[in-house]
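Number of protein chains: 4
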Amino acid sequence: MTDKSDIKKVVLAYSGGLDTSVILKWLQVTYDCEVVTFTADLGQGEELEPARHKAKLMGLPDENIYIDDLREEFVRDFVFPMMRANARYEGDYLLGTSIARPLISKRLIEIARETGADAIAHGATGKGNDQVRFELSAYALDPDIRVIAPWREWDLTSRTALIAWAESHQIPVPKDKRGESPFSVDANLLHTSSEGKVLEDPWEETPDYVYSRTVDPEDAPDKPEYVEIGFEKGDGVSLNGEAMSPATLLTALNELGRKHGIGRLDLVENRFVGMKSRGMYETPGGTIYAAAHRGIEQITLDRGAAHLKDELMPKYAELIYNGFWFAPEREMLQAAIDLSQQKVTGTVRLKLYKGGVHLVGRKSPLSLYSEKHVTFEDDAGAYDQKDAAGFIHLNALRLKLLAKQGG
Amino acid sequence: MTDKSDIKKVVLAYSGGLDTSVILKWLQVTYDCEVVTFTADLGQGEELEPARHKAKLMGLPDENIYIDDLREEFVRDFVFPMMRANARYEGDYLLGTSIARPLISKRLIEIARETGADAIAHGATGKGNDQVRFELSAYALDPDIRVIAPWREWDLTSRTALIAWAESHQIPVPKDKRGESPFSVDANLLHTSSEGKVLEDPWEETPDYVYSRTVDPEDAPDKPEYVEIGFEKGDGVSLNGEAMSPATLLTALNELGRKHGIGRLDLVENRFVGMKSRGMYETPGGTIYAAAHRGIEQITLDRGAAHLKDELMPKYAELIYNGFWFAPEREMLQAAIDLSQQKVTGTVRLKLYKGGVHLVGRKSPLSLYSEKHVTFEDDAGAYDQKDAAGFIHLNALRLKLLAKQGG
Amino acid sequence: MTDKSDIKKVVLAYSGGLDTSVILKWLQVTYDCEVVTFTADLGQGEELEPARHKAKLMGLPDENIYIDDLREEFVRDFVFPMMRANARYEGDYLLGTSIARPLISKRLIEIARETGADAIAHGATGKGNDQVRFELSAYALDPDIRVIAPWREWDLTSRTALIAWAESHQIPVPKDKRGESPFSVDANLLHTSSEGKVLEDPWEETPDYVYSRTVDPEDAPDKPEYVEIGFEKGDGVSLNGEAMSPATLLTALNELGRKHGIGRLDLVENRFVGMKSRGMYETPGGTIYAAAHRGIEQITLDRGAAHLKDELMPKYAELIYNGFWFAPEREMLQAAIDLSQQKVTGTVRLKLYKGGVHLVGRKSPLSLYSEKHVTFEDDAGAYDQKDAAGFIHLNALRLKLLAKQGG
Amino acid sequence: MTDKSDIKKVVLAYSGGLDTSVILKWLQVTYDCEVVTFTADLGQGEELEPARHKAKLMGLPDENIYIDDLREEFVRDFVFPMMRANARYEGDYLLGTSIARPLISKRLIEIARETGADAIAHGATGKGNDQVRFELSAYALDPDIRVIAPWREWDLTSRTALIAWAESHQIPVPKDKRGESPFSVDANLLHTSSEGKVLEDPWEETPDYVYSRTVDPEDAPDKPEYVEIGFEKGDGVSLNGEAMSPATLLTALNELGRKHGIGRLDLVENRFVGMKSRGMYETPGGTIYAAAHRGIEQITLDRGAAHLKDELMPKYAELIYNGFWFAPEREMLQAAIDLSQQKVTGTVRLKLYKGGVHLVGRKSPLSLYSEKHVTFEDDAGAYDQKDAAGFIHLNALRLKLLAKQGG
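Protein chains in written order, with the working numbering: chain A, 1 to 407; chain B, 1001 to 1407; chain C, 2001 to 2407; chain D, 3001 to 3407.
Just chain A, with the same shape it has in the complex (with noise of 0.2 Å):
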């Protein structure tokens, strides 16, 4: 457990909720310290006002209740480019939770030195990967911050005793906090994710009451509907022609997702503390997103250049899960990975219908796309088919003598 002596100012992660409520109440307790409360819009869908009106009934003055905007840096600065790797964490998860962590974590620092905070405290509990992301975050960009967590540290270690903590210390409950809840969720702009509880079976099928940004494909529309998204250097600039911004565009694609029932995933991950677990995802604009740049990569983007990214993505989206966002390692993929998208650019086309994304169309003026090499039709030259032959023969001659080895 950390000092509580040297603690002066702890920033904390604040949603505004029961559970960082009683947080802050117990840093006021445990370590007799100031607290400033950070909450963070990224996109969750949630009123943040609440969370400034119960910080300061707690106590805090207006000058540490810090409340900000960050659905344009988290869009720009961390989904975008990773989304230029195409990562997928384990085949399919679009890391929407790990992605938000590392900008928690840099506002987190910035606010500690902009207040004289000594530490910085989060609600991530001892079993996830969460508290790894969040801190790992925080020691790269401060090396001396303190960090505190209370799930590692507290001994309200059953619900019971968290809310009978809470009423001790004058914490008002909402009645349906009160009973066990049925799932855990997180939210930003680029998806939610649910685990625990009801989901905790990996053979029963996630009941539908757990969805809450898509509609189920069957009740989507039963017509499809088309999109074409634009993309400038391997980002997304435009949806059916329309300019738009990075947080603009996502929210855009994340209402056309609702509605026709896409980005739904149900997982079972390996997490970096060692278990398995089994989450419940939906990244309804995402997906459309990850299909769309997978498309326009299709037209623009070099086979070397293409294969060196499906060799590193594995790589990629393993340090993000894990929380390596800061890491030199992630920044030299992302050098790398930036390299690449200098000419993707172009539009896309996209058939949306009952939860599927089928890419239909792909255009760009700066294509490889070659039709004279590619047809079957007379090529005027462009490739002699006898080159295949040469081509064939020296790869060959390695299997050849292979072949002739004996033994």
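By construction, these hints were calculated from the structure, which means they are not laboratory data. Fair warning: there could be bad hints in the mix.
[Claimed, not checked] Example chain C residues on the side facing chain B (calculated, C-beta under 10 Å, incomplete): (1) D2142; (2) G2274; (3) K2276; (4) L2319; (5) A2327; (6) R2330; (7) E2331; (8) L2333; (9) A2335; (10) L2339; (11) K2400; (12) A2403.
[Unchecked claim] Pairs of lysine to aspartate or glutamate, EDC-like flavour, derived with a Cα cap of 16 Å: (13) C/K2351 with C/E2228; (14) C/K2386 with D/E3153; (15) D/K3197 with C/D2155; (16) D/K3404 with C/D2142; (17) C/K2363 with D/D3142; (18) B/K1177 with B/E1167; (19) C/K2363 with D/E3204; (20) C/K2233 with C/D2077; (21) C/K2106 with C/D2069; (22) B/K1259 with B/D1222; (23) D/K3363 with C/D2118; (24) D/K3363 with C/E2200; (25) C/K2223 with D/E3204; (26) C/K2106 with C/D2118; (27) A/K106 with A/E72; (28) D/K3372 with C/E2200.
By construction, the Cβ of each residue, glycine as well, lies at the ideal position given by its N, Cα and C atoms.
Guided by the hints, dock chains B, C and D onto chain A, whose structure is given.
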């Protein structure tokens, strides 16, 4: 061009269609050699006896006509091993054409040995990947074999020239083959691919008449269908509780996929010979199977094994795509992958609906998923949350030192 | 700290030296438990009977004292498999300490099972890699084993405290152990490593007295010596034509290496626990063996296999360094590597001189080197130089299209 | 063969030797075209003015004769970037020939543009890698350039035929060129390579007369020499405290390497065109430089960055060896590598002795090595050994679950 005087007998990969019939005659005329035809049932869904009849009409004796049902071998020894790797080329392509070529070459070489032939011949063009796949496989299995690729040798470079040559050599030309085909097709039990002509503009949506293996998702049933696939040691062994051989299982999944409009893929891909091409793939059963395999791995495969597999996969897929099935590096990767599958046993539950495959449950007697470890509830000491602090501190140490590096 | 009341019997990795003798007594005193000692002959070049004598003095009955000669198993099942991979950590380190730890853990677990012990104990500190290697191996082999690491538990944090404790518990302290040792040493048949104290400034050259396994190259013979090492299926089997067992061969190479001053390495490396450390390694025979193995692969291993091995090696070496010998991903990589070695058979000729190992010749009945193909002279048609044009044209095609991309 | 009628002007990579003089004349005679010669000083240690004289004798006007000193560009823009990656092909080869080819092609293309030439020509044979490297680089820089490779086109397939042709076309043939050369040589500031003829049996030790850049280690000084190399941001900038330009530094290191017999390598390698070849390389300064670069990275490069570099290196080296310097995937890898070098600054101390380079010290104002963390002594709380227990437990968790998997 191959030195003609040396060739006494050629084994031809023969479909019975117009093109390979022209090749058969062209080999007889050009090389003045004996021809042996080999026609494989790989599940392409065509009658093979007409091929026998046509070969006879071209003067071949019975013993020079080989017709083999390779469906079980194809799925058991090629498709399933590839599926163990979760192989996808360039993110999406399930390698349906690529994986069939080495098996055809293997039989061509076996038949060449049985019949004393000194060459093999195939009908792949000089612009595509298939010539490479056929020939690399052949040379790896018999380094002294001669390979005749008529499309790289002859001057029948237009459809008109081909048909004129056919007619001048008494080869019957079906009426519907007189005009240009609107696209080119390859089919086997795993997939049907279409490319060329009407597909050559990657911005144009694939016309409906190109699809042959799946219904339009819009015409698929309005109610989802649930299926359960059983796995043993990484391979599918049952459907809805009924034990099935590899080819039987894939055939049954194809029927399910067809019905629900599953497995359509519109792709611009990078050919090994250097240009981009646009293809339309239908892999109904394979798409379902691939999702199921990922699902069973989620609970039975260790993280270290799973992540290594994900890192190796792009190279493995590239090797198959490029024709290096019989190369030692593919075999090395296979050895690693196969070792990982020893406990990939259990059952996966999937929901099929309107073009989508949704993983909804997985269970296994060998599950690594530990509800005890992951639970938000009291875990009876299975996991000590305080361990996470040490874990984070040591993972952060290098990042902290780096943050103090200066410079 | 481990819960003391649960521990009834502990198997201790015991060298017979002062530190592990203190641990033995400390376990008896602290845990009030029965102790079993295990002392391995891994070729470290020390007498083992004194360890038996000391253990008896501490009150252990004969059946609680295990002394095993593991040299052949060590080289055959650990060193040689690792050498097949040409493993080097961070470019240079031949992993001499890392590779011995899993074998020691394997025996500790076996003995724990034989003796009904519920815990094992080791003398590695909390700052190093060895604790990780011992414990990961142990947990992988017996997930319920308890591990006691006294250096992480006790408060004997200075040399003075340790010696005082020893004397107060009637443990004889040799005179030369009273002062601080100038550096710390680990040795086995593969190497001797030294670190700490006088080596802690990475700018200072390692003092001469640190070296124990090799003569100073300046004092090595003024004439080179030629040796021939024979390989079968990737493993060394003979020296200068004389068949030898694995440990015998490595012992003989060590003597050659010692004489010629071969295998000294001064390295600053990155520990798994997060900091950099400076070590001095002497790997006389292993350095010769590694060069020889590369040499025989040069003529017997296909390019595809060789390049795949080179790509996999850094990860493989890292796994061994970090203690993941018994992890599935190490076993998967081993399966791939071992498959590649089936024809790595032949003889390598090396020149040893003044600290250097120079590969000067290699031959094999299974050589893939084809003088016929490579010769500048007339090659009788083995290779058609015109094939190179086609090979280059198709490799260049994507680069040409890229050069025309614009943008 | 290139269509002759199209070629009006050719830029020839011209050494002034017999072979390229024959090519010069052969181009004039065969293509009836204007020839421009380009002779580069890459530090090969030959006078270049004789090349000018010979070109004039063949009738070339002054403006068609280009002689450039490219030594600084070669080291600064090609050798040093490659060294940042610690690149070695197949474990050992420092890529001395491979890295020079793209620079030569770059100048050939520039001169072709300046002079309005429509083709370039080189003297590399159809069996080797250099043709590929020249041509891939050329096509990447100018997709419309024509490349003439006389060795793949003409019928001068024996030395006798070449000399007869030379004499019949009034090209002076030096006496020592009349017989067969005992081996073939390529040289530049980084290395000299020799291959062919007397080197074609890989079991035979390379005869002494093949070496030209280094003394025999047995004849090297009997006393070691210490040198210090300074680095800034990953590149060498000084020797023994004296600031030096890239080419000056490499030249000075070459002299040191020559004197101490450093950098000889006898290798059987795998050519891109499919066969194995045996080469003898001398890379005196480059071998010293490479050891020094590894040394400075040891204390200034983070583990994550270092390990990523080690994993990427084999692919990077293969790309250079195969001629893909100007391919996007090489540039992507370079971007990643270069980013890692920003703090690779400091000084390395090396001992040179009898063919060996021994790293003995390294220091840096930006060192990541922390004596405080690594010390065996009291570390004043820099590192809490108890953290290691948590670190190990969570790393072990998946292995424990695996050990209980059953099956």
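Each hint, compared with the structure:
1. D2142: It is violated, given that the least Cβ distance between C/D2142 and chain B is near 17 Å, above 10 Å.
2. G2274: holds (3 Å)
3. K2276: holds (8 Å)
4. L2319: Holds, because the Cβ-Cβ distance from C/L2319 to chain B comes to roughly 8 Å (cut-off 10 Å).
5. A2327: holds (5 Å)
6. R2330: Because about 8 Å separates C/R2330 from the closest Cβ in chain B, which is inside the 10 Å limit, the hint holds.
7. E2331: Since chain B brings a Cβ to about 6 Å from C/E2331, closer than 10 Å, the hint holds.
8. L2333: Check passed: Cβ of C/L2333 comes within 6 Å of chain B, closer than 10 Å.
9. A2335: It holds, given that the least Cβ distance between C/A2335 and chain B is near 4 Å, below 10 Å.
10. L2339: holds (5 Å)
11. K2400: Given a least distance of 8 Å, the restraint on C/K2400 holds.
12. A2403: Hint violated; C/A2403 Cβ to chain B Cβ min 13 Å, cut 10 Å.
13. C/K2351 with C/E2228: holds (9 Å)
14. C/K2386 with D/E3153: holds (8 Å)
15. D/K3197 with C/D2155: violated (69 Å)
16. D/K3404 with C/D2142: Measuring from Cα to Cα gives roughly 9 Å; hence the hint holds.
17. C/K2363 with D/D3142: Answer violated: C/K2363 to D/D3142 is near 44 Å, above 16 Å.
18. B/K1177 with B/E1167: holds (12 Å)
19. C/K2363 with D/E3204: Holds, because 9 Å separates the two Cα atoms, which is no more than 16 Å.
20. C/K2233 with C/D2077: holds (14 Å)
21. C/K2106 with C/D2069: holds (14 Å)
22. B/K1259 with B/D1222: holds (11 Å)
23. D/K3363 with C/D2118: Roughly 47 Å between the alpha carbons, so the hint for D/K3363 and C/D2118 is violated.
24. D/K3363 with C/E2200: holds (12 Å)
25. C/K2223 with D/E3204: Violated, at about 19 Å.
26. C/K2106 with C/D2118: OK: C/K2106 and C/D2118 at ~15 Å, within 16 Å.
27. A/K106 with A/E72: With a Cα-Cα distance of about 15 Å, the restraint between A/K106 and A/E72 holds, given a limit of 16 Å.
28. D/K3372 with C/E2200: OK: D/K3372 and C/E2200 at ~10 Å, within 16 Å.
In this structure, the earlier hints numbered 1, 12, 15, 17, 23 and 25 are contradicted, and the remaining ones agree with it.
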